[in-house]
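A.B. asks: Could you put together the complete structure from these sequences and hints?
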Amino acid sequence: MSKKLTCVAIDDEFIALKIITSLIEQTGFLELLGSYQNALEGTNAIIELEPDIVFLDIQMPEASGLDIIKSLSKKPEIILITSQEKYAVEAFNFDVTDYLVKPIESYPRFVKAVTKAKENIALKEQKTAGNDAVFMKVDFLLTKVMYETILYVEGYGDYIKVHTEKKTHVVYHKLSSIEKKLPKELFLRVHRSYLVQINKIDNIDQNSLLIGDAIVPVSAKYKPELLSRIELL
1 MSKKLTCVAI
11 DDEFIALKII
21 TSLIEQTGFL
31 ELLGSYQNAL
41 EGTNAIIELE
51 PDIVFLDIQM
61 PEASGLDIIK
71 SLSKKPEIIL
81 ITSQEKYAVE
91 AFNFDVTDYL
101 VKPIESYPRF
111 VKAVTKAKEN
121 IALKEQKTAG
131 NDAVFMKVDF
141 LLTKVMYETI
151 LYVEGYGDYI
161 KVHTEKKTHV
171 VYHKLSSIEK
181 KLPKELFLRV
191 HRSYLVQINK
201 IDNIDQNSLL
211 IGDAIVPVSA
221 KYKPELLSRI
231 ELL
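The opening position of the sequence shown corresponds to residue 1 in full-length UniProt numbering, with each subsequent residue numbered one higher.
Incorrect hints may have been included.
Simulated pairs of lysine to aspartate or glutamate, DMTMM-like, Cα-Cα distance not exceeding 25 angstroms [stated by the list, open to error]:
(1) 181 - 119
(2) 116 - 185
(3) 181 - 139
(4) 75 - 165
(5) 102 - 41
(6) 223 - 67
(7) 180 - 165
(8) 75 - 139
(9) 223 - 185
(10) 166 - 139
(11) 74 - 12
(12) 167 - 119
(13) 181 - 105
(14) 161 - 202
(15) 124 - 139
(16) 70 - 13
(17) 112 - 132
(18) 221 - 50
(19) 74 - 139
(20) 124 - 148
(21) 200 - 67
(22) 3 - 13
(23) 180 - 105
(24) 184 - 98
(25) 167 - 179
(26) 223 - 48
(27) 4 - 62
(28) 184 - 105
(29) 167 - 125
(30) 4 - 185
Cβ-Cβ distance ranges computed for the label pairs, FRET-style [said to hold, decoys possible]:
(31) 84 - 202: 25 to 31 angstroms
(32) 204 - 120: 41 to 47 angstroms
(33) 135 - 61: 45 to 51 angstroms
(34) 143 - 41: 44 to 50 angstroms
Hints are computed from structural coordinates only; laboratory data are not their basis.
Ideal Cβ placement from N, Cα and C applies to all residues, glycine included.
C.D. replies: Printed below as a string of structure tokens:
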């Protein structure tokens, strides 16, 4: 992976933020997209800029780092910044990459954290490059479904309906589980019960989108990221 990994840093403490941005700028394979002292501005930047890595303070006035993580439908590699290690332990329940304890004085420790993020990203890219389909258990058979044929996925509790160009598969699987298996560059959550393939979208309305003849609801929570992703196409 030769390209630089893009970063966003969010910390309400000016000095801590300056240290993080300085460390990012010292590291050859990292590129800083923006730094933010305001948690809400930082959250919007994550959605709009889609960085590879986010350096995120846990304790901030507007919103905690954990609240920000919970709000993201598409999660980058997250390296937490904390003044107390006990907060970092809780954060690992959210599948973060690593954490750094303030004051951040060790460049080798910083490099260790970002190297871990770099390896995770490379692994994800390798998996995506090597796969163009997913196997689903349909009527007791493992059925191969090509990503390019999937229009959208609809969740019904413990079941999902996978709507493809030719037919619909009913699969015993949670929507959150299939979301993790589908490549994030192709698929996007637009509602708590719907995933769509981005390049299959025909029209977007105020509260819905059109894929072929199907009307898919779009919730306010997911619409900003949807619009951000569409603008990149």
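A.B. asks: For every hint, state whether the structure bears it out.
C.D. replies: Do the hints match the structure? See the list:
no. : hint                          : verdict
1   : 181 - 119                     : 19 angstroms, holds
2   : 116 - 185                     : 21 angstroms, holds
3   : 181 - 139                     : 20 angstroms, holds
4   : 75 - 165                      : 28 angstroms, violated
5   : 102 - 41                      : 22 angstroms, holds
6   : 223 - 67                      : 18 angstroms, holds
7   : 180 - 165                     : 22 angstroms, holds
8   : 75 - 139                      : 33 angstroms, violated
9   : 223 - 185                     : 16 angstroms, holds
10  : 166 - 139                     : 17 angstroms, holds
11  : 74 - 12                       : 23 angstroms, holds
12  : 167 - 119                     : 38 angstroms, violated
13  : 181 - 105                     : 38 angstroms, violated
14  : 161 - 202                     : 20 angstroms, holds
15  : 124 - 139                     : 30 angstroms, violated
16  : 70 - 13                       : 22 angstroms, holds
17  : 112 - 132                     : 32 angstroms, violated
18  : 221 - 50                      : 16 angstroms, holds
19  : 74 - 139                      : 31 angstroms, violated
20  : 124 - 148                     : 19 angstroms, holds
21  : 200 - 67                      : 31 angstroms, violated
22  : 3 - 13                        : 30 angstroms, violated
23  : 180 - 105                     : 35 angstroms, violated
24  : 184 - 98                      : 21 angstroms, holds
25  : 167 - 179                     : 20 angstroms, holds
26  : 223 - 48                      : 12 angstroms, holds
27  : 4 - 62                        : 30 angstroms, violated
28  : 184 - 105                     : 35 angstroms, violated
29  : 167 - 125                     : 29 angstroms, violated
30  : 4 - 185                       : 18 angstroms, holds
31  : 84 - 202: 25 to 31 angstroms  : 50 angstroms, violated
32  : 204 - 120: 41 to 47 angstroms : 32 angstroms, violated
33  : 135 - 61: 45 to 51 angstroms  : 47 angstroms, holds
34  : 143 - 41: 44 to 50 angstroms  : 45 angstroms, holds
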